[in-house]
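**Student:** Protein sequences, first through last, are from chains A and B. Residue numbering for the first sequence follows the working numbering, starting at 1 and increasing by one per position. Residue numbering for the second sequence follows the working numbering, starting at 1 and increasing by one per position.
Treat the hints as calculated values from the structure; they're not laboratory data.
Not close to chain A: a few residues of chain B, all C-beta gaps over 12 angstroms, as computed:
{"no.": "1", "residue": "ALA17"}
{"no.": "2", "residue": "ASN54"}
{"no.": "3", "residue": "ARG62"}
{"no.": "4", "residue": "ARG71"}
{"no.": "5", "residue": "LEU72"}
{"no.": "6", "residue": "ASP73"}
{"no.": "7", "residue": "GLN74"}
{"no.": "8", "residue": "LYS78"}
{"no.": "9", "residue": "PHE80"}
{"no.": "10", "residue": "ARG137"}
{"no.": "11", "residue": "VAL141"}
{"no.": "12", "residue": "HIS167"}
{"no.": "13", "residue": "LEU175"}
Listed below are the simulated SDA-like cross-link pairs for lysine to any residue, each with C-alpha atoms no more than 25 angstroms apart in a straight line:
{"no.": "14", "chain 1": "B", "residue 1": "LYS252", "chain 2": "A", "residue 2": "LEU661"}
{"no.": "15", "chain 1": "A", "residue 1": "LYS362", "chain 2": "A", "residue 2": "LYS375"}
{"no.": "16", "chain 1": "A", "residue 1": "LYS412", "chain 2": "A", "residue 2": "LEU400"}
{"no.": "17", "chain 1": "B", "residue 1": "LYS192", "chain 2": "A", "residue 2": "GLU48"}
{"no.": "18", "chain 1": "B", "residue 1": "LYS252", "chain 2": "A", "residue 2": "GLU33"}
{"no.": "19", "chain 1": "A", "residue 1": "LYS121", "chain 2": "A", "residue 2": "PRO82"}
{"no.": "20", "chain 1": "B", "residue 1": "LYS252", "chain 2": "A", "residue 2": "GLU36"}
Glycine included, every Cβ here is placed at the ideal spot set by N, Cα and C.
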Amino acid sequence: MNWISTLLPWQWALFAAVPIGIILLYFLKLRREPVEIPSTYLWSRTVEDLHVNSLFQRIRQNLLLFLQLLAVVLAAFALLRPGVQGEATSQGRKVFLLDASASMMATDAGEERNRFELARKMIREQIDAMQERETAMLVTFSDRAEVLQSFTSDRGRLRSALERAQVTNRPTDIIGALEAADGLANPRRSSTTGDENDVQVADPMPADLLIYSDGGFRDVSDFNVGNLVPTYLKVGSGQSRNVAITAFSADRNVEKPGDAQAFATIVNFGTGAETFNISLYVDGAWRESESLTLAPGEESGLTFSLAGQEDAASLEMRLESPGSGASRDQLFDDDLTIDNFAYAGLRPLRTVSVLVVTDGNKPLEIGLTTESAAKICIADFQSPSYLETPEYQARAEAGLDDLILYDRCRPKNLPSTNTFFVGALPSDEWSWASEPGQTILVDVDRTHPMMQYLELFSLLIFEGRSVKGPTGTRELVGADNGTVLALAPRDGYQDLVLGFEIVTTGEDGTPQTNTNWYAERSWPVFLLNVLRHLAGAADATAAPSFLPGDTVRLRVESQIEAVDISRGSGTPESIRTGNSGSVEFVDSEMPGSYRVTAGEKLVDLFSINLFSRLESQIQPRETFELGYETIETAGMIETRKEYWRWLLGAVLLILAVEWWLYNRRIA
Amino acid sequence: MSATTESIPLLSPDLLAKLERLELVSRKVFRGRMKGERRSKRKGQSVEFADFRNYVAGDDLRLIDWNLYARLDQLFLKLFQEEEDLHVYALIDCSESMNFGTPTKYHVAKQMAAALGYIGLCRADRVSVQALGDQGRRAPVLRGRSGLWKMLQYLESLESGDNVSLHDAVKDFSLRNSGTGVVVLITDLMDKSGYEAALRMLVGRRMDVYVMHILSPEEIDPPIRGDRRLIDSEDGDETEITINNYVLERYKLTLQSFLGSVKHFCSRRSIAYLPVRTDQPVDDVMTRYLRKRGVVR
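Based on the provided sequences and hints, a complete structural model is requested.
**Tutor:** So this is what it looks like as structure tokens:
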């Protein structure tokens, strides 16, 4: 039995005045109220009867006083907090490692709201049971460790630090927390081992390492516990239910950029079979649902097709309870909610920058400024003399344009970007394969994205030549005299070469048409395909996904000065762009779809998802490896058995008896 | 005590009408002073035959039964039961202790005395309603219904607070009234010197004694609780007491024991003991309770 005083000395002095006050009140008790009655004849006889057993009467008189003093004494004992230490700590120091990762939000924690609250309660009990001489520190860990309170014996500070601890949506990495504890218990030496002059920089401070976790982290192999005495306190029940979306992404169909597909992987981590619906929401509106039943441990992949999804879209996948009617929209109720949602984004078709070097080409100009093309393309028309300017040089070297279109001209050096040569060859690697002459198209490679939707066999070409490209050149359009449209790779870029001119210059300098292609419907479609697939407007349409707490790094167009990033319909956060359009976003705690906008324009999309099987696997582990040790769960630490509650109960009981006796006597 | 209770008339007209039909029962036959309506020990003139006896010289010739003389040729006198009056005394305790309760015990006592007195007056008895103590000396002796108003006047004029012991008062009464008869002692018996000597004295004078023990509900179940200093209204005696349920139970036991001892004392001496609560209507007491107890018929 030991005692923990809860009052300061001056408070005890104040408390000691209470029994003195009670006794004084008995001395100064109220005067009897006089009452005139017909005769005291019978009362005197009654009192005489009472006097016969006067000792008993005296006890009865003072019983209330005794009870009141007893209540005060018991209250004093209760304030001294008597108790029996369940398990005496040998170290005198404790390091509380509190798991604050996403899996601690699982609700299989009995009466507590979730595992985190249960762990917090367990730590609070430990803090309450701490002796005066004991010290403790509190460290929370998710994907990073945070020392909420360094070593102190002040229980109040520990409690307030514990109150500050918050569970996060992040995955788990215990290393940081272990290193924080390790730094204290196993101080490093001043220099290398074996050095004669090596000195210990600080005394090692052995400590109990109390790990409150569900074990949802990887085993730690490269860690030496040294003076730490680890104890693993498993939080969570073995009978948990959790179905998780472990992967979700969406991407445009390469063949049909207007169509998109969403892919998801769903795993049942629970101990029983689960039936549920998976619903896909596009920009908040329900699009499609599918019902699924998964046995324990089973995994399933799903694909949803999204036709006609040309614009940017935020996709959300939810697990919902099976059923129909009103219950349809009810969210699936398992122990961990955070992994019942997944988010993905479809980026908009990108706006590409195209430099057109031409002496004047009306069909090209019209084709690049159609309504559809203008949406994805900013075309800059320059004359061939522009190729000589330093501005062009810088532009070409930096690769600022997504595509440079050379109409009947060629640069000295090929630019660091994709090119499209019309009636000209890019470099010496290319050569004409035939003499100029009337050309009849005979073959079109429809499998290539740039060639889709094109009907070219009705074209009239007055003068054209076949081309021959370097190794790896792919023929897109073949004519009777050879390849007239070829695509060749070049150092990560692509060169597209057309063997005939669209517009020629007559001898008198007036422009003349060399083909009727510009009058065909296929002309603008072809240019659009070129913009999408050669200029890259349809590239990388799947928005990236990040883990909660990650720093999100994005690259936007360099001319944008600031972007607004908002989650769902939330308040946007304004962020200034850094060098060359880089954006860093750190407030990424909440899973969801995030939209990056500049003014009214949607610039980019990204999503935050907890795609972590370690977190979704919420069955608490019984053991884990720490260095060379296997740490087994200690169940519950036997806390100090406190008796103050019983004493307080006794005080209340005594007061009740006292009150009853008093009323019996008075009332 | 309150003005309202004191202003209640001692006898209501309804009660008077009921009382006229009642008669006091005397368990003893006394010799009266005047001719009345009650059978006397004496033989005399009435319509009720009593006995025959031989004629001796000097007897009233009018009483000779001539029919017997004709048959037996001997002279016999025919004797008749004499009817005489009854002495009825109603003694009221005027001590201060009677002046408690709602209505006060004193008021109830006066009502009882007036009612009994009126019954006696209606039956041509010799009625004397008097207070114990000095006020008893001026009590009128009444006979006949016409004495009602005089009796009531006397009762109205009585004042409480005549704290004389029961024994002294009864002794004083006995000295002043030598005759026998029915004595109704209306009292609360709250006399610290005891009631026994007074009753013994009345019995010793061959009175037919009735004790009407007046008790108020406040005495039977006292409404007081807590730490109190009880002050005796008669002698100012003080008793400090903490009244709780336990003490109250003890008090009730003491009261029951006291009532039991009075009853026992009375029954051993052929005294009719009649406990009366002040919250009982006088009407009810006179017409039901006393009739049931054989005091009136």
